[in-house]
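**Q** Sequence:
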Amino acid sequence: MQDEIRAWHEEGRRLPLKDAGRGSDVLVFEIAVRHQLSGNDGSYVALALEQKASLATADRKMAEAARREGVTIVGLLARG
Numbered sequence: 084m085q086d087e088i089r090a091w092h093e094e095g096r097r098l099p100l101k102d103a104g105r106g107s108d109v110l111v112f113e114i115a116v117r118h119q120l121s122g123n124d125g126s127y128v129a130l131a132l133e134q135k136a137s138l139a140t141a142d143r144k145m146a147e148a149a150r151r152e153g154v155t156i157v158g159l160l161a162r163g
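Start counting at 1 in the sequence shown, then tack on 83, and there's your number in the numbering used here.
To be clear, the hints were calculated from the coordinates, so they are not data collected in a lab. Misleading hints may appear alongside valid ones.
Said to hold, decoys possible - Cβ pair distances, simulated, as ranges:
| # | residue 1 | residue 2 | range |
| --- | --- | --- | --- |
| 1 | R150 | R89 | 34 to 44 Å |
| 2 | H92 | T155 | 29 to 39 Å |
| 3 | D86 | R150 | 36 to 46 Å |
We put the beta carbon where it would ideally sit given N, CA and C, even for glycine.
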């Protein structure tokens with residue numbers, strides 16, 4: 084098990100990830116409250132909005148909230 088965890092950790096370290104910074108806690112809160120989302124879902128919408136990125140989600144409520152915030156949805160819910 085430890086070897087698997089170590090391998091997974093090493094694999095994760097090789098991913099080309101970019102630190103997007105702390106983000107705006109206020110924006111996350113505002114989006115979550117405005118659209119009755121969890122803080123977690125609100126953070127995904129806020130990050131997509133701040134980074135001017137598309138959002139892939141299978142969660143209809145989050146997709147609708149993102150659309151209302153001007154975020155493009157990709158994937159199964161792209162057309163609403």
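**Q** Mind listing which of the numbered hints don't hold for this structure, in increasing order?
**A** none
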